[in-house]
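Student: Read off the chains here:
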Amino acid sequence: AQSVSQHNHHVILSEAASLELGCNYSYGGTVNLFWYVQYPGQHLQLLLKYFSGDPLVKGIKGFEAEFIKSKFSFNLRKPSVQWSDTAEYFCAVDMNTGFQKLVFGTGTRLLVSP
Amino acid sequence: GAVVSQHPSRVICKSGTSVKIECRSLDFQATTMFWYRQFPKQSLMLMATSNEGSKATYEQGVEKDKFLINHASLTLSTLTVTSAHPEDSSFYICSASQGAPDLGNQPQHFGDGTRLSIL
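Chains as they are written, first to last, in the working numbering: chain A, 480 to 593; chain B, 1244 to 1362.
The hints are simulated quantities; they were obtained by calculation from the structure and are not laboratory data. Keep in mind that the hints are not guaranteed to be accurate.
In silico DSS-like cross-links for lysine-lysine, where the CA-CA straight-line distance does not exceed 30 Å [stated by the list, open to error]:
1. B:LYS1284 <-> B:LYS1257
2. B:LYS1284 <-> A:LYS528
3. A:LYS580 <-> B:LYS1309
4. A:LYS528 <-> A:LYS548
5. A:LYS528 <-> B:LYS1298
6. B:LYS1263 <-> B:LYS1307
7. A:LYS580 <-> B:LYS1263
8. B:LYS1298 <-> B:LYS1263
9. A:LYS548 <-> B:LYS1284
10. A:LYS537 <-> B:LYS1284
11. B:LYS1309 <-> A:LYS540
Here are some chain B residues pointing at chain A (derived, C-beta under 7 Å) [claimed, not checked]:
12. PRO1283
13. SER1286
14. PRO1350
15. GLN1351
All residues carry an ideal CB built from backbone N, CA and C; glycine is no exception.
Construct the complete structure from the given sequences, taking the supplied hints into account.
Tutor: This is how it looks when you write it as structure tokens:
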């Protein structure tokens, strides 16, 4: 079965530190890739997505992610985190069904200390 | 834009009762709605996909007679947990999309979730 792995379950950073959250998936076909963020007490929101084209995609709030097909990875990055980035981050993969049938990773809780 | 309202946010009820959860798209027409279940410290697991006016498609291992899904209009889908038992206690999340095979990939917009506790 297809699966999505997020290796870091909890990450603690100081403000201005750089962030990289790992995401790997197991599926050999064409995929669409997503990162969602869930701020405390709020619903899931789309950070960025990759469907095709430039494998380096930029999202909201200074986040970016790079799709490396050979590594089945879609890691999320931000050069300098802020306290307001404290949230849970979910990687999700759609096996290109057209209906966005998403398989989610287990999430990474990020705590940014001021 | 693209707001999805899910109600109720929390429900506590006795074992054996049925519970209905509503998912509404407030400012767009949701061709497709999705229902997820999330256990503590685990990822969201897709339960079913529903398209307006047709029967829902359930994922493997999800009992369709237990989790009744109705998508009667382009703005409303409901999930009814029938004869709920303590093992059904979980966090249920809906999402809505304007996606359809001929519309290409459209993003999913998520509701706030419903925490269901069965005593």
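Student: Kindly indicate which numbered hints from before are broken by the structure, ordering the numbers from low to high.
Tutor: 11 and 12
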